[in-house]
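Following the hints, complete the assembly by docking chain B onto the known chain A.
Just so you know, the sequences run in chain order A and B. Every position in the first sequence, counted from 1, becomes a number in this note's numbering once 269 is added. Every position in the second sequence, counted from 1, becomes a number in this note's numbering once 271 is added.
Warning: the hint list may mix true and false statements.
[Unchecked claim] SDA-like mimics (lysine to any residue), calculated; alpha carbons at most 25 Å apart, straight line: (1) B/Lys485 with A/Arg563; (2) B/Lys485 with A/Leu385; (3) B/Lys302 with A/Phe449; (4) B/Lys432 with A/Pro573; (5) A/Lys387 with A/Asp426; (6) A/Lys317 with B/Glu437; (7) A/Lys317 with B/His436; (8) B/Lys302 with A/Arg563; (9) B/Lys485 with A/Glu564; (10) B/Lys302 with A/Lys317; (11) B/Lys302 with B/Leu342; (12) B/Lys485 with A/Val566; (13) B/Lys302 with A/Ser450.
[What the hints assert, rightly or not] Simulated restraints on C-beta separations: (14) B/Pro566 with A/Tyr445: 30 to 38 Å; (15) A/Gly570 with B/Gly318: 24 to 32 Å; (16) B/Gly404 with A/Ala538: 51 to 59 Å; (17) B/Lys485 with A/Thr562: 17 to 25 Å; (18) B/Glu366 with A/Phe316: 30 to 38 Å.
Calculated directly from the structure, the hints in this document are not laboratory data. This one's a predicted model, so the numbers in the text were calculated from it and none came from an experiment. Heads up, the beta-carbon is just placed ideally off N, CA and C, and yes, glycines get one too.
Read off the chains here:
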Amino acid sequence: MTGTASMPPANTGSETAPLPPAPRPDDAPLLEVNNLVTHFPIRSGFFKRTTGWVKAVDGVSLSVKPNETVGIVGESGCGKTTLGRTILRLIEPTSGSIKVRGEDVVAASAGRMRDLRKEMQMVFQDPYASLNPRMPVHDIVSEPLRIHGTPKNEARDRAGEYLDAVGLLPEHGNRYPHEFSGGQRQRVGIARALTLEPDLIILDEPVSALDVSIQAQVINLLEDLQDRYDLSYLFIAHDLSVVRHISDRVVVMYLGKVAEVADRDELYASPGHPYTQALLSAVPVPDPDVELTRERVVLTGDLPSPANPPSGCRFRTRCPIAVAKCADEDPPLAEIAPDHWVSCHFPSV
Amino acid sequence: MSLSNPSSAAGAEAPLLEVENMSVGFRARGKPTAQAVRGVSYTVERGETLAIVGESGSGKSVSAMAMLGLLPGSAEITGQARLEGIDLLALKPKELRSYRGRRIAMIFQDPMTAFHPAFTIGNQIAETITVHGLADKKQAMVQAADLLEMVGVPEPGVRVKQYPHEFSGGTRQRAMVAMAIANKPDLLIADEPTTALDVTIQAQVMEVLANIQKEVNAALLLITHDLGVVASVADRVQVMYGGRIVERADVRPLFRTPRNPYTRGLLTSLPRVDGARDDRLIPIPGSPPSILAMPPGCAFAPRCTFRTDVCDERAADLEMVVEGHESRCHHNADLAAWQPLHSGSGS
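Chain B on its own, in the form it takes in the complex:
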């Protein structure tokens, strides 16, 4: 099976989540179907942190939302997403509801819009507990305060009775983390959890999220465009471009010896605060493709310096280039000779 990774092959335990050949398209009248996700397969192990990296329009968020049944009715979803063998995509909405917030929880980018403005924070956290029948209202409110304390919100007894607008951005995001872990889920999906936050607050929230994840032993699917955040928390990384996974590896090989031209382009185009690279930035030319007009072959071909005719004709397969490191490129063999990127610690 192409989606298995080496750790799952070695271990006896089945992975927590297996996504197999998932595609998501959006239909609009008079327009071609917008194919946002095109045949994505991956696994998430218990307790691990898998980062999905990509730019806007790469399909990274849509692939996660589809699993939770959070996409509008115009979405056409195919493939499977099995949580411990149960295909979430085949569940009826009512059945899926018993998973959402209990076995799988989501942390959204913007905590202002994710909380209901007219209910107290405590109320909303408690609701995620009572809705699954795990406690009565009174117990749930006590738990809500405990959860806020766990994520480091000061004076949790007071804050549970407050409304979202009384929370600052960082505290609100902590409250969202508290809500997500309320039922000790097996899988946390965090979609750009720190993008809306200032850098000092971002560090606080990521620290809380990483600690909590360990405490409840949840797997974390971290969706982000921020390669710095990925480097600091992820175990494994998969890079998406044009609705497909183009590269997948453990975090260190991915950053040290990226095998896909797109990943390498991303890493060399980034300025760094530690000054490891100070020369002129090397941008990726052009811009990402529109999902309404995907190139027929490799989606990255129009921007790629290694493009040859075959790249325009058909997309490459995601192939194992070295043990545990996969890349989707027709030129995998040539690119194996690439020098590793410099480590910042050496400067």
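So here's chain A without its partners, still in its complex pose:
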């Protein structure tokens, strides 16, 4: 892991900490996110005055290396989707920095941003809602190229190549999205993300709307495409089994903050944060013998509102091992083992 993950998460209200001068080795991260904060205003009353902030992303730092898959897991409302969209500046960040190959995305002008987006593409969760129903698939897939100035005929040919790459037939190009099954539609969404030859694809729950028997097809496709086109993935999902399968490194988010970061095997074998432990133990395993002998940490209560997060450690209201200190002090993200970072006063080692 790189120095970027060692950045302590921003304490709410404090100014953004300066970046420590990090050397840029050969495997320098493709994407570096530092202390990223995205707050949404809550407006109420006749004059729509801002009466509070939803702290969707509240000081997140992470990095993605070339050819790496970083999984982001967390429950609904933890800010994982907002994080993905903020990285592409589909949502403007409140503060913090996003760098692609060292270049600042937040400060980029609109024109420069368009070039930067060639390097970062997104695949959305809902393949029904993210494809224009009135466009044939050829046009959907070639649209990014046309926007970036490729002549129409050439764009069409290139679209054909990428349809083939995702396992669709040439004649599929003339059809409309409603003529496809959910799995095929998601393939179209992936082909569209590929046409600009990006280095990084942000995948927001790419398989969760699909049937079980189709999920594995799309996961395998994503793995093949990663090898073929040297892609990096930021894989956002709530399904811990899928994330375990596809990721090299995993970031666990809770209420806008990073709870834990580690290599995949380390995280799943010896989770250090009580939240990660609870998450992993809550996932049912499709094996009755395993289920019989498993010990389950069942968390009490619900996720608190990100508009009014608990003081100190955000997980303390549901944490089985919380003590008084947890209400007072927000635990920093600390390295408990090499490349294993946990934000907890009492991490299991």
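Quick look at chain B alone, frame taken from chain A:
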């Protein structure tokens, strides 16, 4: 009778629910009839948990909704569904109403749409009691608070007076469980009860549901696509594909030695959080058939690696392959030699 299972044959008591050759089709003008359920037969014993597993379009939900008379008028339902000998499908709507919510209760996937937004939770739970004339309004409200307490909703006295939007997803689903058990039904039907919930909340709700089920000694018909949930709570499992039951067994043999190519395909295509399988996933090729254009023979044949000519001609029967384990496949004899799937505990 093909629908009897070994436990009912041995025991003297008749099963709680007997579904016999139930089919459900939907008619639309200018279109062929969409055959969602095609000749389904099964039994549910008192107090047991039977899981119906299948993907979208497999007919798993429709077969349960039909029993409760919850399908639109365009549905054509044939066959029988006998609750202690009374055929629910033959009842008049008014007669069926006295069963629904009393002898049989349903837990829906989405608690936001299943509750009426303009009435308090307490009101709605109480209504399921008063509508059957089991208590007056005042007593029913007290019971509603007790029920919320049973399912672990904190401060039940306060929460009964709140509206659905004031409940979080998990608490709302608990309230739905409370409403379902209000009249101590014999049969609970849960249709994807935890699919809309986060994994930590899902664990809470499943725990509550399993405990409550034991407490009131209800049978649970659990309809889900989540094989993990099935493995953790079901006694028996039946797998549906293309409107038919393709495999049925006790939970352990079903997961350890699945006999149907579809079930086996499902299990090997799943990534696992416990890391028992880490190699490349083995997906099932193709996609499930449309109910408007079912293959003439075995519905799974176009995606099956064992397909032969006979599979395209006609569907196989659901046959007993070993005691208590049924599978619908023309190649049952060949597939008996399949190796059991690895157990995760061995890794």
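Return the numbers of the hints above that this structure violates; sort them in rising order. The structure breaks hints 2, 8, 10, 14 and 18; every other hint is satisfied.
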